[in-house]
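Peer 1: The lines below spell out each chain.
Protein chains: 2
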Amino acid sequence: MKIAQIAPLYEAVPPKLYGGTERIVAYLADALVDLGHDVTLFAAADARTHATLVPARDQAIRLDPAPLKSDLAAHLSMLHEVRRRAGEFDVLHFHVDLLHFPFFEEAASRTLTTLHGRLDLKDLADAYWRWPQFPLVSISNHQRRPLRFATWLGTVQHGLPQHLLPFKAVPSGGYLAFLGRISPEKRPDRAIALAHRTGLPLRIAAKVDHADRHYFRDEIEPLLDDPLIEYIGEIDDAGKAEFLGNAAALVFPIDWPEPFGLVMIEAMSCGTPVVAWRCGSVPEVIDQGVTGFVVDDEDGAVAAIARLPELSRARIRQTFERRFTAEVMARHYVELYEGLLRGDGEALRRTA
Amino acid sequence: MKIAQIAPLYEAVPPKLYGGTERIVAYLADALVDLGHDVTLFAAADARTHATLVPARDQAIRLDPAPLKSDLAAHLSMLHEVRRRAGEFDVLHFHVDLLHFPFFEEAASRTLTTLHGRLDLKDLADAYWRWPQFPLVSISNHQRRPLRFATWLGTVQHGLPQHLLPFKAVPSGGYLAFLGRISPEKRPDRAIALAHRTGLPLRIAAKVDHADRHYFRDEIEPLLDDPLIEYIGEIDDAGKAEFLGNAAALVFPIDWPEPFGLVMIEAMSCGTPVVAWRCGSVPEVIDQGVTGFVVDDEDGAVAAIARLPELSRARIRQTFERRFTAEVMARHYVELYEGLLRGDGEALRRTA
Numbered sequence: 001m002k003i004a005q006i007a008p009l010y011e012a013v014p015p016k017l018y019g020g021t022e023r024i025v026a027y028l029a030d031a032l033v034d035l036g037h038d039v040t041l042f043a044a045a046d047a048r049t050h051a052t053l054v055p056a057r058d059q060a061i062r063l064d065p066a067p068l069k070s071d072l073a074a075h076l077s078m079l080h081e082v083r084r085r086a087g088e089f090d091v092l093h094f095h096v097d098l099l100h101f102p103f104f105e106e107a108a109s110r111t112l113t114t115l116h117g118r119l120d121l122k123d124l125a126d127a128y129w130r131w132p133q134f135p136l137v138s139i140s141n142h143q144r145r146p147l148r149f150a151t152w153l154g155t156v157q158h159g160l161p162q163h164l165l166p167f168k169a170v171p172s173g174g175y176l177a178f179l180g181r182i183s184p185e186k187r188p189d190r191a192i193a194l195a196h197r198t199g200l201p202l203r204i205a206a207k208v209d210h211a212d213r214h215y216f217r218d219e220i221e222p223l224l225d226d227p228l229i230e231y232i233g234e235i236d237d238a239g240k241a242e243f244l245g246n247a248a249a250l251v252f253p254i255d256w257p258e259p260f261g262l263v264m265i266e267a268m269s270c271g272t273p274v275v276a277w278r279c280g281s282v283p284e285v286i287d288q289g290v291t292g293f294v295v296d297d298e299d300g301a302v303a304a305i306a307r308l309p310e311l312s313r314a315r316i317r318q319t320f321e322r323r324f325t326a327e328v329m330a331r332h333y334v335e336l337y338e339g340l341l342r343g344d345g346e347a348l349r350r351t352a
Numbered sequence: 001m002k003i004a005q006i007a008p009l010y011e012a013v014p015p016k017l018y019g020g021t022e023r024i025v026a027y028l029a030d031a032l033v034d035l036g037h038d039v040t041l042f043a044a045a046d047a048r049t050h051a052t053l054v055p056a057r058d059q060a061i062r063l064d065p066a067p068l069k070s071d072l073a074a075h076l077s078m079l080h081e082v083r084r085r086a087g088e089f090d091v092l093h094f095h096v097d098l099l100h101f102p103f104f105e106e107a108a109s110r111t112l113t114t115l116h117g118r119l120d121l122k123d124l125a126d127a128y129w130r131w132p133q134f135p136l137v138s139i140s141n142h143q144r145r146p147l148r149f150a151t152w153l154g155t156v157q158h159g160l161p162q163h164l165l166p167f168k169a170v171p172s173g174g175y176l177a178f179l180g181r182i183s184p185e186k187r188p189d190r191a192i193a194l195a196h197r198t199g200l201p202l203r204i205a206a207k208v209d210h211a212d213r214h215y216f217r218d219e220i221e222p223l224l225d226d227p228l229i230e231y232i233g234e235i236d237d238a239g240k241a242e243f244l245g246n247a248a249a250l251v252f253p254i255d256w257p258e259p260f261g262l263v264m265i266e267a268m269s270c271g272t273p274v275v276a277w278r279c280g281s282v283p284e285v286i287d288q289g290v291t292g293f294v295v296d297d298e299d300g301a302v303a304a305i306a307r308l309p310e311l312s313r314a315r316i317r318q319t320f321e322r323r324f325t326a327e328v329m330a331r332h333y334v335e336l337y338e339g340l341l342r343g344d345g346e347a348l349r350r351t352a
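Taken in order, these protein sequences are the chains called A and B.
Oh and the first sequence: position 266 is 266 in full-length UniProt numbering, straight run, nothing missing.
Oh and the second sequence: position 15 is 15 in full-length UniProt numbering, straight run, nothing missing.
Treat the hints as calculated values from the structure; they're not laboratory data.
Computed from a predicted model, the values in this text were never measured in an experiment.
All clues given are correct.
Repeated chains share a single entry, so a pair holds when one copy, or any two copies, can fit it.
Think about it this way: if two alpha-carbon atoms lie no more than 20 angstroms apart in a straight line, the pair counts; the simulated DMTMM-like pairs of lysine to aspartate or glutamate are: (1) K122 / E185; (2) K69 / E185; (3) K207 / E234; (4) K69 / D120; (5) K122 / D58; (6) K207 / D255; (7) K122 / D46; (8) K69 / D126; (9) K122 / D64; (10) K122 / E81; (11) K2 / D344; (12) K168 / D236.
Could you put together the complete structure from these sequences and hints?
Peer 2: As structure tokens, this is what we get:
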């Protein structure tokens with residue numbers, strides 16, 4: 001199948017540092033190539049991909065040192081080019097929210113749009129009402145809730161390259177791991193409280209965004225001066241395998257409607273169980289009592305930690321391989337693409 | 001003529017506080033109504049206008065307290081609605097940069113797009129190359145420089161309602177005025193140095209944006225503890241008439257490619273001369289030796305201050321009325337609209 005993947009231009013594909021959407025597009029494009037498809041990737045020129053790259057900007061926007069940039073103009077130019085070449089592809093798969101809608105109204109039935117962010121923003125419902133002809137994909141069922149009426153073709157969970165974060169049969173650490181950003185909705189304070197309640201050490205590998213520096217300084221930093229808590233800053237992919245693989249569990253104490261939560265499946269890839277608060281996608285990602293525990297509060301989390309020895313790290317890894325590899329994700333998308341070619345997109349449009 | 005004006009949704013039309021583009025759209029829409037045209041304004045619902053308002057959002061985005069908003073989705077929804085109703089209008093006049101291009105490619109020859117911002121951003125040239133069929137209007141000739149190749153139909157300078165800021169024949173103040181934002185490119189430090197060189201008091205009426213608070217604290221605040229300098233913070237429209245009308249001159253010591261510089265004509269409306277550094281639009285807005293002086297450096301500014309008594313405040317006001325009222329601006333736009341109806345847009349498209 002001839003497939004175009006259209007990535008955002010904010011981060012490299014995959015990102016040099018953080019950045020979720022461009023990372024998934026990178027994994028998906030490579031996995032589709034591995035499945036034998038003819039994949040063209042529209043992305044910034046610093047992409048590393050097995051697909052055919054169409055560079056839409058000399059480099060990704062966020063780390064581009066140019067003082068004056070227009071992310072909107074850059075994306076509009078890319079979409080202009082995608083449309084010019086649209087006839088070359090069987091399916092066009094967009095990852096740029098809804099910016100492409102005005103460009104592809106006539107070709108909507110052979111497009112797929114994966115929405116990567118939270119959807120409970122004030123202005124979204126009106127916009128998605130206006131373009132019902134575009135088949136949408138959610139990354140969790142929970143993510144759809146603010147836009148139930150929209151034209152959902154399916155939910156496709158994220159996946160990771162199978163060998164990116166290797167299985168660790170015997171972890172060396174005996175600590176709880178917190179990985180991500182220090183921010184109020186990620187609730188590192190809950191992870192710290194859990195360490196105190198259980199007596200287990202907590203290691204925090206997290207970046208502090210500029211927007212969250214006051215929260216870090218006022219709410220979290222005072223809690224770090226404690227022998228149980230170790231703050232190790234930001235880590236890269238290599239550090240991540242080590243950090244997650246050696247943990248007794250990943251703690252994911254979020255307090256916001258997480259659309260997916262990539263770090264949960266990163267832990268599972270290492271065989272590490274997840275203890276996560278019931279929020280957003282969490283119950284869809286964790287197999288309760290198999291890959292971890294979904295909890296409702298701190299007491300629940302303490303009880304879950306006590307039950308960690310019941311879980312099998314090998315079985316966690318098996319579950320990861322069955323549900324969350326990039327190949328699984330790519331095969332699921334191929335099913336949807338094939339449906340579009342059979343007319344599912346047109347059928348959706350008529351019923352929308 | 002049936003004219004649609006399409007405003008940005010960031011600020012109310014006109015803005016409750018600062019905000020240049022929405023202010024000009026408000027003045028233009030009302031002036032076109034006064035000239036007898038049938039004007040429809042697409043804008044946020046908190047607009048105050050004599051045109052027929054099509055509310056595109058319940059309120060302007062920036063001051064909307066909703067925690068999660070999408071300015072992009074809001075603008076796309078508005079443009080979807082404008083396109084749905086496009087057949088009702090002779091001319092569609094856009095003030096939303098280039099976001100409407102993918103919507104109106106077929107109708108481009110009866111659209112007009114006024115660009116309100118600086119154009120020396122990295123991603124703009126590629127985008128404007130791709131949509132040459134859209135007739136553009138600049139707000140100064142200088143503004144065009146980074147995009148000389150683009151499809152320019154004309155330059156229309158901004159205008160103010162004639163009676164908004166009344167003429168003050170005899171100013172009471174004897175001070176230099178600085179009005180705007182405290183930021184490195186506005187160079188309040190130059191205004192302060194000029195006060196020291198001339199011995200004239202300087203009054204600074206300016207807001208400090210969050211982004212500029214370090215600049216204010218480190219570079220400007222230490223200079224304010226001086227009997228010659230008075231910092232009076234932000235002022236509203238009523239305060240502006242008083243502040244500008246009683247000044248000996250407005251000092252406009254900018255150090256960036258200003259696309260227009262509304263405050264210069266606000267001063268002229270009061271009969272107050274302008275001493276401005278040669279930058280961006282400045283030489284196009286000031287009639288040298290009539291409404292003020294264009295200078296190249298601090299020495300030039302000192303010399304200009306010495307020559308202020310040569311200028312006639314009445315003649316400054318007359319020049320304002322001849323060049324910079326909203327009616328003059330509206331009549332200029334009507335000429336361009338009429339040209340579009342005669343086919344100027346199509347002709348441009350063929351030569352583009």
